[in-house]
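One line per chain: the protein sequences are Z and C, in this order. Residues 1 to 266 in our numbering are what the first sequence spells out, letter by letter. Residues 1 to 217 in our numbering are what the second sequence spells out, letter by letter.
It is possible that some hints are incorrect.
From the derived model, a few chain Z residues whose C-beta atoms are all more than 10 Å from chain C [what the hints assert, rightly or not]:
id	residue
1	19
2	60
3	140
4	141
5	150
6	152
7	155
8	160
9	181
10	182
11	185
12	188
13	201
14	209
15	213
16	249
Pair ranges (Cβ atoms, derived) [unchecked claim]:
id	chain 1	residue 1	chain 2	residue 2	range
17	Z	61	C	98	53 to 59 Å
18	C	17	Z	41	35 to 41 Å
19	Z	12	C	101	17 to 23 Å
20	Z	15	C	158	46 to 52 Å
21	Z	12	C	126	34 to 40 Å
To be clear, the hints were calculated from the coordinates, so they are not data collected in a lab. All values derive from a computational prediction rather than experimental measurement. Glycine is no exception: its CB is placed at the ideal position from the N, C-alpha and C atoms.
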Amino acid sequence: MDDTQSRISVANLVLARLGVIYALMLRDMRTRFGRSHVSYLIAIAWPFTHLIVLVSIMAFVNRLAPIGGDPVVFVTSGALAYILCLYPARAMGMALDMNRALFLFPVVRPFDVIVARAIIEFITSFIVIILSFLTSLFAGVDLIPLDEFIFASGVISIIFFSLSLGILNVVLSSIFRMWNITFMFIMLILYATSGIFVLPSSLPPGVRDMMWYNPLLHAIEWMRSAYYDGYGDDMLSKGYFLAIGTGCLLFGLLGERYLRGKLLTG
Amino acid sequence: MIRLHNVFKFFRTKGGAKIILDHVSMDFRAGISYGILGINGAGKSTTMRMLAGTDLPNAGAITRSARVSWPLGFSGGLHPAMTGRENVQFVARIYGQNPARAIEFVEDFAEIGSYMDEPYFKYSSGMAQRLAFGLSMAIDFECYLIDEVTAVGDSRFQQRCHDEFAKRRDHADVIMISHSMETIRTYCSRAVVLAHGVMHEFSDVDDAVELYNKLNQ
Chain Z
1 MDDTQSRISV ANLVLARLGV IYALMLRDMR TRFGRSHVSY LIAIAWPFTH LIVLVSIMAF
61 VNRLAPIGGD PVVFVTSGAL AYILCLYPAR AMGMALDMNR ALFLFPVVRP FDVIVARAII
121 EFITSFIVII LSFLTSLFAG VDLIPLDEFI FASGVISIIF FSLSLGILNV VLSSIFRMWN
181 ITFMFIMLIL YATSGIFVLP SSLPPGVRDM MWYNPLLHAI EWMRSAYYDG YGDDMLSKGY
241 FLAIGTGCLL FGLLGERYLR GKLLTG
Chain C
1 MIRLHNVFKF FRTKGGAKII LDHVSMDFRA GISYGILGIN GAGKSTTMRM LAGTDLPNAG
61 AITRSARVSW PLGFSGGLHP AMTGRENVQF VARIYGQNPA RAIEFVEDFA EIGSYMDEPY
121 FKYSSGMAQR LAFGLSMAID FECYLIDEVT AVGDSRFQQR CHDEFAKRRD HADVIMISHS
181 METIRTYCSR AVVLAHGVMH EFSDVDDAVE LYNKLNQ
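Same shape as in the complex, but just chain Z (with noise of 0.2 Å):
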């Protein structure tokens, strides 16, 4: 085979593989929940939901905010964080089990589910992102942050850090049956342990520590220091999080690579 052949096929295969993971995202989105073509929305909503009920109930019991300006910019910040670390890792768990039926189709790999899972999830995440400054807007509330760069960077590196949470969860939940509950249990302890109700500032030291190794706790701190001028500067390890985050996806990728078998059969 010569060169322009073989740049041929390859080209070739990619388009293929885009297709496959074209056509599943189509049926993903009609299929998540019910069947109809408004599903997604509720795939929307549903996260969009939990941040708006998060933020009512937490700016309504801290009328004020610990560190000044309005509560509900402060909840948000934290809330946002928190929902986008959430939702796509356990949409990305749960892609196998409920699309296992499909490998009877030897052209659907296990890899095809996982990238046209994550591409839906990140698109919603941006989706409820865009939805919660609307919102804002509507209830007069300013939620522009002050340096956009850090925002920007902040919600790219946690959408990041969610998705290659996620792969391991594939892995994860394919191994050990009952893996979407422990993690569900695990993200409730990082949640209550991450900073989102209360300033770490306003800790003792030693708790601090602890709760420093919580990679949401960075998460938090991260979407704040866009809106705080040199907030998260004594705690917030941006390389921290990114490499919890990169381990996670290396460890994902790996056991994607050595446990195929495992993912097609269940």
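We have chain Z already, so just place chain C on it with the hints.
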């Protein structure tokens, strides 16, 4: 067409490892249709899934140089909540074929009428099989894997299946599992007997049937 390189496949059972293929190398050549024979539990369906690529060997490799179908005879991959039309569109898309043309073909072939726009779970088993079979015919495969799917639908539909297969025999091959020696003789010119983890290949189907009958005793 499909080549097995030192393929090893086993299942763990309570009584120890059950070996399906014990380091088997074999070449299913293009232009030849094969029958796979074996007693119950020999691993015919597992072998078929490995040929398709929906199950992986524990060691060794399987390479395909033709468009190989999914194992026909199962309709499990279709989504129960999606309509027949949506299912056909989906499968046509993943195989890179024109969805509209696939639908036209299946509508004509499966004859399920307005049920095309009903969710798949509402189908009777006959309708479901006709849709699944029509779908596999709507996609241009070079090798059809057939797992015991000789008795789909009424006799008229069976005749249509037979005719449709006959039409594509000159550019498509068949690898089939069947307990009906008549069917194997009709479709296949070579046969493989699967027993104790070994594939015995025969150039004469009658010799294979003879060994199969001996194993069955």
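Here is how each hint holds up against the structure:
Not every beta carbon of chain C lies more than 10 Å from that of residue 19 (chain Z), the smallest distance being close to 5 Å; the non-interface claim is violated. Chain C leaves residue 60 (chain Z) outside its interface by the beta-carbon criterion, the shortest separation being 39 Å against a cut-off of 10 Å. Non-interface call for residue 140 (chain Z) relative to chain C: holds, since the shortest CB-CB distance, roughly 42 Å, exceeds 10 Å. No beta-carbon of chain C is positioned within 10 Å of the beta-carbon of residue 141 (chain Z); the least distance is around 39 Å.
Residue placement check: residue 150 (chain Z) keeps its beta carbon more than 10 Å from all beta carbons of chain C (closest about 41 Å). Interface exclusion of residue 152 (chain Z) from chain C stands, the closest Cβ pair being 34 Å apart, more than 10 Å. Every beta carbon of chain C lies more than 10 Å from that of residue 155 (chain Z), the smallest distance being close to 32 Å; the non-interface claim holds. Listed as a non-interface residue, residue 160 (chain Z) keeps its Cβ farther than 10 Å from every Cβ of chain C; the least gap is roughly 28 Å.
Against chain C, the non-interface label of residue 181 (chain Z) holds: every CB pair exceeds 10 Å, the least being about 25 Å. Every C-beta of chain C lies more than 10 Å from that of residue 182 (chain Z), the closest at about 24 Å, which supports listing it as non-interface. Under the 10 Å C-beta cut-off, the non-interface status given to residue 185 (chain Z) relative to chain C holds; the minimum distance is some 30 Å. Listed as a non-interface residue, residue 188 (chain Z) keeps its Cβ farther than 10 Å from every Cβ of chain C; the least gap is roughly 31 Å.
Remark: the non-interface label on residue 201 (chain Z) is consistent with the geometry, its nearest Cβ contact in chain C lying 50 Å away (cut-off 10 Å). Even its closest Cβ contact with chain C, about 45 Å, leaves residue 209 (chain Z) beyond 10 Å, as expected for a residue assigned away from the interface. The Cβ of residue 213 (chain Z) lies farther than 10 Å from every Cβ of chain C, with a closest approach of about 37 Å, so its non-interface assignment holds. Remark: the non-interface label on residue 249 (chain Z) is consistent with the geometry, its nearest Cβ contact in chain C lying 23 Å away (cut-off 10 Å).
For residue 61 (chain Z) and residue 98 (chain C), the hinted distance range of 53 to 59 Å is satisfied, since their beta carbons lie about 57 Å from each other. Separation of residue 17 (chain C) from residue 41 (chain Z) is about 49 Å and departs from the stated range, judged on CB atoms against 35 to 41 Å. Look at residue 12 (chain Z) against residue 101 (chain C): about 20 Å separates their beta carbons, and that is inside 17 to 23 Å. At roughly 37 Å, the beta carbons of residue 15 (chain Z) and residue 158 (chain C) sit outside the given window of 46 to 52 Å.
Range check, residue 12 (chain Z) to residue 126 (chain C): Cβ separation about 38 Å, and the 34 to 40 Å hint holds.
Violated hints for the displayed structure, listed by number in ascending order: 1, 18, 20.
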